[in-house]
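K.L.:
Residue strings, one per chain:
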Amino acid sequence: EAGVAQSPRYKIIEKRQSVAFWCNPISGHATLYWYQQILGQGPKLLIQFQNNGVVDDSQLPKDRFSAERLKGVDSTLKIQPAKLEDSAVYLCASSGQGSEAFFGQGTRLTVV
Amino acid sequence: GDSVTQMEGPVTLSEEAFLTINCTYTATGYPSLFWYVQYPGEGLQLLLKATKADDKGSNKGFEATYRKETTSFHLEKGSVQVSDSAVYFCALRLTDSWGKLQFGAGTQVVVTP
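Protein chains in written order, with this note's numbering: chain P, 16 to 127; chain G, 1304 to 1416.
Isolated chain G (complex conformation) (with noise of 0.2 angstroms):
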């Protein structure tokens, strides 16, 4: 079946660190991939998206790249702040599917001042 994988956190940061978070993915078809945040005592909000391969999504400093050939959408910025400390889901949407999203197990980043 359809599946997200990421790296377990937490991933805990210097402020100013360069951050990487690995996703992969399992899928029939052509998904949409998202890169959601979840901060403390919030709901999800929406941080990128890319609908096809090779294409980038990039939002806040933060970039990822739809790569087919590794199914893979990993999250990366340059340069991390104290207010980046998050829950990051990586999730799948497959064209056929009401909108339904596939999500990863969500990775929890703490960077320090």
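Just chain P, same shape as in the assembly (with noise of 0.2 angstroms):
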């Protein structure tokens, strides 16, 4: 079974530039999280999916932060302008019915 694929690895970009994060979940799977890991601290959720609809997005910094589930499967999370604190590893994630979370690799993105 193929894992959640992320790309992305790692991005370095200027502040106040954009950037896009893509995810493909585990196929089948409905849920779909994205989690902002800053360095030395745990995952924190930005947003979950299920399926296109969008079921927690109340830590996502909306005023620069979106993302899209189009069609229930792949996922894009894009940061415009991005600002020095979004130097972080953001990890997606995927679940099915019952099942737990798996997650990708990551994206590192630094912000210079």
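Quick caveat, the hints were computed from the structure, so don't treat them as lab data.
On a predicted model such as this, the values are computed, not experimentally measured, just so you know.
Keep in mind that a hint or two might mislead.
[Said to hold, decoys possible] Covered stretches of chain G, as calculated for chain P (at least 3 residues, CB under 8 angstroms):
hint, region
1, 1360 to 1371
2, 1407 to 1416
[As the list claims (entries may be wrong)] Pair by pair, the computed Cβ-Cβ distance ranges are:
hint, chain 1, residue 1, chain 2, residue 2, range
3, P, Trp37, G, Pro1343, 20 to 28 angstroms
4, G, Glu1372, P, Lys93, 26 to 34 angstroms
5, P, Gln32, G, Glu1318, 41 to 49 angstroms
[Claimed, not checked] Think about it this way: if two alpha-carbon atoms lie no more than 30 angstroms apart in a straight line, the pair counts; the simulated DSS-like pairs of lysine-lysine are:
hint, chain 1, residue 1, chain 2, residue 2
6, P, Lys59, G, Lys1352
7, P, Lys59, P, Lys26
8, G, Lys1363, P, Lys59
9, P, Lys59, G, Lys1359
10, P, Lys93, P, Lys77
11, P, Lys93, P, Lys59
12, P, Lys59, P, Lys30
13, P, Lys77, G, Lys1371
14, G, Lys1371, G, Lys1352
15, P, Lys26, P, Lys77
16, P, Lys77, P, Lys30
17, P, Lys77, P, Lys59
18, G, Lys1359, G, Lys1371
19, G, Lys1371, P, Lys59
20, P, Lys26, P, Lys93
Beta carbons are placed, not taken as given, at the ideal position from N, Cα and C, and that holds for glycine.
From the two separate chains plus the hints, produce the assembled complex.
P.N.:
Structural data, given as structure tokens:
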């Protein structure tokens, strides 16, 4: 079974630029999560989708972050404009009915 | 609010030593509890879980028991190997949270030969 795929693995951008991350969940998983992991901290949920609907985006900084999950499969997370404090690893995870969450390898973002 | 507190690292051990990583939680209701592991350069992997009080999760020689009376889920391994060097995260999931995980800050474990 293929795992959760994320790209790119690494990204370096200047502050005020925009960036987008892509996630392809495990086939058949209805639930998709985006977590932000700042160095030295545990992952924090940014947004959660059930199919293509949002069920929790309470921790998403909506003035600069956006996410979509078209057709209930792939998802993209965008930051515009980026700030220095957005430097982190962005983790995508997915889960199916009654299953635990499976995580991708993450995208490490550095904002300079 | 709901939270997870785990011991700070790094924890440095010699091979074959006993490992304990403390984890306590605060939550409303009856959460499920998890330990995830992150090896260098890799994503988070589920190590073990427990869904109700007194349950014991175990995997790869690691164990943790869900203690409701002390709101704890301490991770233990009797004899660590160099390959156990990683960051370990304790996490909880509330039953009405749509699967959302609340993580602790992580504990880095370094095992030396």
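K.L.:
So, for every hint listed, does it hold in this structure?
P.N.:
Do the hints match the structure? See the list:
1. Only residues whose beta carbon comes within less than 8 angstroms of a beta carbon in chain P count, and the region 1360 to 1371 of chain G has 0; fewer than three means the coverage is violated.
2. Counting residues of the region 1407 to 1416 of chain G whose C-beta sits closer than 8 angstroms to any C-beta of chain P gives 3, which meets the bar of three, so the coverage hint holds.
3. The supplied range of 20 to 28 angstroms is met by Trp37 of chain P and Pro1343 of chain G, whose beta-carbon atoms lie about 24 angstroms from each other.
4. A beta carbon spacing of about 45 angstroms between Glu1372 of chain G and Lys93 of chain P contradicts the range 26 to 34 angstroms that was offered as a hint.
5. For Gln32 of chain P and Glu1318 of chain G, the Cβ-Cβ distance of about 46 angstroms falls inside the hinted range of 41 to 49 angstroms, so the restraint holds.
6. Restraint check for Lys59 of chain P and Lys1352 of chain G: the C-alpha separation of about 19 angstroms stays at or below 30 angstroms, so the hint holds.
7. Proposed proximity of Lys59 of chain P and Lys26 of chain P is supported: the alpha carbons are some 20 angstroms apart, at most 30 angstroms.
8. With a C-alpha separation of about 27 angstroms, the suggested pairing of Lys1363 of chain G with Lys59 of chain P holds against the 30 angstroms cut-off.
9. For the suggested pair Lys59 of chain P and Lys1359 of chain G, the alpha carbons sit about 26 angstroms apart, so the restraint of at most 30 angstroms is met.
10. A C-alpha spacing of about 10 angstroms is found between Lys93 of chain P and Lys77 of chain P, which places the hinted pair at or below 30 angstroms, so the restraint holds.
11. Restraint check: the Cα-Cα separation between Lys93 of chain P and Lys59 of chain P comes to about 16 angstroms, which is no more than 30 angstroms; the hinted pair holds.
12. Distance hint between Lys59 of chain P and Lys30 of chain P is fulfilled; the C-alpha atoms sit about 22 angstroms from each other, no more than 30 angstroms.
13. For the hint linking Lys77 of chain P to Lys1371 of chain G, the alpha-carbon distance of about 37 angstroms lies beyond 30 angstroms, and the restraint is violated.
14. Annotation: proposed proximity of Lys1371 of chain G to Lys1352 of chain G holds, straight-line Cα distance about 14 angstroms (limit 30 angstroms).
15. For a cut-off of 30 angstroms, the pair hint linking Lys26 of chain P to Lys77 of chain P stands: about 21 angstroms separates their Cα positions.
16. With a C-alpha separation of about 17 angstroms, the suggested pairing of Lys77 of chain P with Lys30 of chain P holds against the 30 angstroms cut-off.
17. Pair hint Lys77 of chain P plus Lys59 of chain P holds up; C-alpha atoms about 15 angstroms apart against a cutoff of 30 angstroms.
18. For a cut-off of 30 angstroms, the pair hint linking Lys1359 of chain G to Lys1371 of chain G stands: about 12 angstroms separates their Cα positions.
19. Between Lys1371 of chain G and Lys59 of chain P the CA atoms are separated by roughly 24 angstroms; this keeps the pair inside 30 angstroms, and the hint holds.
20. A hinted pair counts as satisfied when its Cα atoms are at most 30 angstroms apart, and Lys26 of chain P with Lys93 of chain P qualifies at roughly 13 angstroms.
The structure fails to meet hints 1, 4 and 13 from the earlier list, while all remaining hints are met.
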